[in-house]
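**Student:** Each chain, written out:
There are 2 protein chains.
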Amino acid sequence: MIKTSFTEIFGVKYPVIQGGMVWCSGWRLACAVSEAGGLGIIGSGSMYPEVLKDHIRKIKAATEKPFGVNVPLMYAHADQLIEVMIEEKVPVIITSAGSPSKYTSRFHEAGIKVIHVVSNLKFALKSQEAGVDAIVFEGFEAGGHNGTEETSTLVLMQLLRKHIRVPLLAAGGIGSGEAILGLMAMGADGVQIGSLFAAARESSAHDSFKALIVSAGDGATDLVLKKIGATRLLKNRFYNEVKELELNGGSADELKDLLGKGRARIGMFEGDMENGELEIGQIAGCIESVKSVNEIFDELKSSFNDALNRLKLME
Amino acid sequence: MIKTSFTEIFGVKYPVIQGGMVWCSGWRLACAVSEAGGLGIIGSGSMYPEVLKDHIRKIKAATEKPFGVNVPLMYAHADQLIEVMIEEKVPVIITSAGSPSKYTSRFHEAGIKVIHVVSNLKFALKSQEAGVDAIVFEGFEAGGHNGTEETSTLVLMQLLRKHIRVPLLAAGGIGSGEAILGLMAMGADGVQIGSLFAAARESSAHDSFKALIVSAGDGATDLVLKKIGATRLLKNRFYNEVKELELNGGSADELKDLLGKGRARIGMFEGDMENGELEIGQIAGCIESVKSVNEIFDELKSSFNDALNRLKLME
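Listed in order, the protein sequences are those of chains P and D. Under my numbering, the first residue of the first sequence is numbered 1, with each subsequent residue one higher. Under my numbering, the first residue of the second sequence is numbered 1, with each subsequent residue one higher.
Hints were generated in silico from the structure; no laboratory data involved. Please note: incorrect hints may appear among the correct ones.
Which copy is meant is left open, because identical chains are indistinguishable; a pair holds if it fits in one copy or across any two.
Said to hold, decoys possible - Below, simulated DSS-like cross-link-like pairs (lysine-lysine); rule was C-alpha separation at most 25 Å, straight line:
#1 291 / 162
#2 126 / 162
#3 89 / 13
#4 102 / 261
#5 226 / 243
#6 261 / 227
Go ahead and model the full structure; you've got the sequences and the hints to work with.
**Tutor:** Quick look at the structure:
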């Protein structure tokens with residue numbers, strides 16, 4: 001693949017970030033991605049501060065390459081997690097679900113690069129103003145937590161590129177080198193890929209979850225829980241219960257009660273495919289087997305290059 | 001732009017279909033698009049058979065270029081409309097919302113090319129089996145009637161290209177030449193564009209509707225009416241009523257009652273911006289002014305070529 005403003009600023013070989021994902025992206029997955037030439041990300045959203053510190057120390061011992069940690073700012077432990085990240089001088093922090101201006105200058109003072117994740121134009125503009133080093137925008141088709149506007153990756157790409165000058169990385173629905181090239185043709189400086197890596201051999205997700213991702217077809221996911229925080233889930237028994245409650249006008253409190261605590265862990269990490277909350281993107285329908293991170297990168301590179309060569313032959 | 005299997009088979013200059021849209025795409029808009037080098041489409045969904053015949057005769061008198069007529073097969077007058085199309089030997093028929101096998105061989109016997117519109121893999125495979133000449137796939141971000149799987153254009157693009165050999169045209173969320181090129185990089189043989197043309201000078205939509213499209217920003221539309229047929233609408237007073245009913249668990253019958261009859265005409269054609277049903281895609285957020293069809297094509301061509309030239313410089 002190709003040099004972009006993103007690869008230059010972040011010192012990586014390929015313009016590919018691995019999305020930080022609860023219960024999937026610990027230090028092993030992040031390390032494999034960084035070693036393969038992308039930007040590997042530890043997802044801290046499911047970690048206590050001490051656990052995060054352990055993951056950061058392990059990845060530092062295992063690779064010289066840049067890596068990052070992501071943190072949803074609305075998360076209860078966010079402040080403590082951020083202290084650990086600064087103390088450990090992680091190279092990149094990816095923030096989401098909060099104000100991009102809250103921490104950016106503090107991270108910069110600590111020599112840490114900052115990326116903010118957005119799902120609409122308003123927060124992209126706020127992020128640019130806050131001085132972030134890059135923006136990831138995540139479309140409706142992305143797995144897990146999702147924006148309220150439901151704007152697709154394709155539309156966000158065109159809309160944000162009109163207004164944003166800092167490096168822009170597309171996320172949501174990306175499963176092939178052709179898609180990376182296509183989005184770069186539209187002005188992306190890179191992409192963030194989640195689902196493909198959730199199903200990778202090095203992902204810490206339970207094997208039963210990976211098997212379910214591989215068998216998922218078109219229409220296997222749905223965006224639900226909109227009254228308490230829109231989340232894209234694989235359709236299983238728990239999803240069916242949520243959907244039925246929603247179709248009958250269930251309230252935010254009723255949804256919170258049904259969700260309870262620890263559903264994502266029970267599903268994605270412990271392997272309860274019926275009662276767990278299984279976060280994955282629409283692109284699951286294109287994932288056909290569990291592969292190593294190196295195999296995923298090889299396929300992305302070769303399909304990217306084949307598509308680029310086809311385009312170069314266009315008159 | 002570029003020669004593709006679509007431009008070769010359909011005898012048009014550019015790989016761009018103008019989506020057939022109720023109350024927007026009569027013979028004037030279709031004629032302007034065909035004259036500009038795309039495939040103009042008369043949207044018959046809002047027409048009585050005699051009205052359709054009049055539109056077909058007018059476009060035939062006004063251009064030598066190929067054009068088409070689209071027809072939702074579940075529409076009450078579909079059979080009568082189809083008789084008119086065959087009688088008048090329209091060059092292309094685009095069918096949607098029904099079985100692609102029902103009419104395809106009859107159209108072919110009459111020397112008419114057939115395109116079927118789908119929103120999932122299952123119907124794309126059925127269309128291919130039925131022998132259609134091309135398939136349009138429409139993603140979640142598209143305006144108006146929409147699929148139940150809610151799969152985005154980006155994901156459908158990657159999923160369908162794996163399984164479909166006939167010419168594939170991407171629809172939903174396309175508002176720039178960069179997006180056309182990007183989708184072609186992913187394997188599209190062309191695109192179908194709706195919203196841009198709904199707001200064109202030659203569109204028969206009411207000026208108030210065009211003005212509202214131009215002023216629409218990010219998040220200005222939403223997919224509602226899922227219990228009776230998912231439809232993407234601009235947010236106005238009518239939309240708010242629908243949304244409130246849905247959040248409270250309103251039934252299909254209650255939604256049908258609220259919708260009533262003629263809402264699309266009242267809004268898009270007659271200009272009642274509060275009580276009308278205003279069908280438009282998410283890409284409305286990128287539309288900044290009302291332009292002529294020729295201006296739209298000029299911009300698409302130049303942004304396509306600029307993006308292609310940038311890609312050709314990639315190492």
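**Student:** Each hint needs a verdict: does it hold in this structure or not?
**Tutor:** We went through each hint and held it up to the structure:
no.: 1; hint: 291 / 162; verdict: between (36 Å within a copy, 18 Å between copies)
no.: 2; hint: 126 / 162; verdict: within (15 Å within a copy, 39 Å between copies)
no.: 3; hint: 89 / 13; verdict: within (21 Å within a copy, 56 Å between copies)
no.: 4; hint: 102 / 261; verdict: neither (28 Å within a copy, 50 Å between copies)
no.: 5; hint: 226 / 243; verdict: both (11 Å within a copy, 13 Å between copies)
no.: 6; hint: 261 / 227; verdict: within (17 Å within a copy, 30 Å between copies)
Hint 4 from the list above is the single one not met by this structure.
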